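A.B. asks: Residues per chain are reported as follows:
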Amino acid sequence: MSAAEFELTRLPVGKRAEVVRVGSVGSMRNRLLDLGLVPSTVVEAVRKSPAGDPVAYKIRGAVIALRSEESRQITVRSLD
Amino acid sequence: MGLTAKSTGIYAFLEDLNQSSVKADAIIALAGNPNTGKSTVFNGLTGLNQHTGNWPGKTVVLAKGNYLYRHKNITLVDLPGTYSLLANSADEQVARDFICFGDPDATVVVADATCLERNLNLVLQVMEITPKTILCLNLIDEAKRKKIEIDIAALENILGIPVIPTAARDKTGLKELREAIHQTVFGKRCNHPKPMVYSENIEVAIEKIQAEVENLFQGRINSRWVALRLLDGDTTIIQEMRNYLQRMEPKDQPVSETYKEVECCGSFGSRV
Ligand SMILES: Nc1nc2c(ncn2[C@@H]2O[C@H](COP(=O)(O)OP(=O)(O)OP(=O)(O)O)[C@@H](O)[C@H]2O)c(=O)[nH]1
Ligand SMILES: [Mg+2]
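Protein chains in written order, with my numbering: chain E, 1 to 80; chain V, 81 to 352.
Calculated directly from the structure, the hints in this document are not laboratory data.
A quick note: this is a predicted structure, and the numbers were derived from the prediction, not measured.
For glycine and all other residues, C-beta sits at the position ideal for the given N, C-alpha and C.
Warning: the hint list may mix true and false statements.
[Said to hold, decoys possible] Partial chain E-side listing against chain V, Cβ under 10 Å, derived:
(1) A3
(2) V19
(3) V20
(4) R21
(5) V22
(6) S24
(7) S27
(8) D34
(9) L35
(10) G36
(11) A56
(12) R60
(13) G61
Chain V on its own, in the form it takes in the complex (with noise of 0.2 Å):
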């Protein structure tokens, strides 16, 4: 997609990233609940190799780096902290617009191993995003120091994706870190995430809108995901749909037209 008049926010940054020198083979967003050690695991990971960029439009301060892990040229962003995707603050905005509409290659989001319970919920809503979902169980040596157990091995096979835990302080675990990533990305093996499975009208709403939503998207963004935040109405989010819409519109078709009666049906499904 080249430069357009409307190459704000997200797509701005975006753009600013494809520009770097050193071209990606990857580009991995940092997610996670504030204060759990992103921007340890971030400079564990790139160490000298970074430099901040302002997130276009708005006075957060992002921070991008590389790594070469087996030949491949990784780009990390490391994004400010939040508990949720459903986001409230413009640093939460951010870091969802770039989870949701960045289509990062991964998402590793960095748990706090000492109340994961309270962490599990941004991650649930990214897996519901996107299967490639990395859970990086970071201060791990404080939980262990809080006499805090946790079976990794059941976690992974609950979640369905890789969990990987860390003490980034001491670098520890940042190997197995990259290797989870570089299997998420390049290798063969599939993430199955736990799906989410809502009430049934939630369900039926869902079918009703969803398959418009995919041939809208034409598949660049979790339908599913799309047709469930059309019926939460959120309208931060539906206003970064069009953005992405704008931008992937053929001169010749007025997509944004399907698209109102998309959202009409979505504001629909919700009163039934």
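This is chain E alone, in the form it adopts within the complex (with noise of 0.2 Å):
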């Protein structure tokens, strides 16, 4: 059974997720990719800030904020 995969985004908080894909170019994608988020990446999402965004991420042991910009160019599929 495969999992549905969405945008990381949607993903919600307390939840864990895997990365399915990256999407973006240039700058935006290289930071990503440098945050750690390539395929098979285990993301959990943290908290949101007041505003809703960002939003903090664990990724690979470290937490990062994410905008909601940058969430959307990640696909996940839910691991809870």
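Put the complex together from the two separate chains, hints included.
C.D. replies: Spelled out as structure tokens, the structure:
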């Protein structure tokens, strides 16, 4: 059974998902890859800022805030 | 190189470094991801012999400090945290410019031993620029507490650079780090960082422009690395390369023209 794919933006706080692919081009793509967001990386949504954007994610042992423009580029598959 | 009107950013900082009261025998960059303990390592090595300076043109504060080891006066520069040399923020750009264009005698990458994997990205990027890279595996006490064991010898073997475990807050491992820096800068031993090999079309493109790049920078910056960045087309790095070239350009030689050609060649390469 393969879980449905969706944008990281839609991952609820407290839930984990696995990166399927990273869209975007140029420096934004570089930045996302540099943060460790490569396919099969596990990402957990940790908390939302009061405005709902950015959202803090736990990625490979560090908590990193992503803006929705960024998280929208990341396609994930639910793990929970 | 003398003072010129173009002395902004990294060059102003470097001139400031050179004009320090004590002449440094070596300048060492301290780089690493955010919050890995760079400043703690820096403080541990330099003690009170430090002061902060502004990176001209940017609101980033850099600290530099000195220590004496085996009769050599070592200047250490504490860089802002960065995940990557393909910089995004002003902080990251400062770190990148110093490592890439500041010609430090060695770069120590301070990594968090509790999440090594994420830190290795930057380590590999620095190794790609200079073999004079040292990995300082900090927060080793935290790693032990979390029952993470790291096979230092195996890591050294895989990477081809010295790996020094430290717990900088307790000053553990700093003696070994000083020695590794000394050996890397003044020692006979040469590091052999694991070469990064890219897919064939990229390797072909690198080969096409590398000789020209080598010629242009007269061996002062790693030509393979420059070729790769030209292929990336990262405009901020390309601008910094232009600044670098303008500074080393002899008056009667229009190097910039050649550079434009190489740049064209570079963007052509990326389309191959
Ligand atoms: N347990 C432990 N804590 C450490 C060690 N080294 C540094 N710390 C702590 O980690 C925190 C961050 O240290 P800094 O030295 O400020 O880290 P930094 O890399 O300079 O941070 P940025 O400049 O913000 O990127 C501080 O609370 C330090 O006391 C260590 O070896 N072990
Ligand atoms: Mg610091």
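A.B. asks: Checking each numbered hint in turn, tell me which of them this model violates, lowest number first.
C.D. replies: 1, 2, 3, 4, 5, 6, 11
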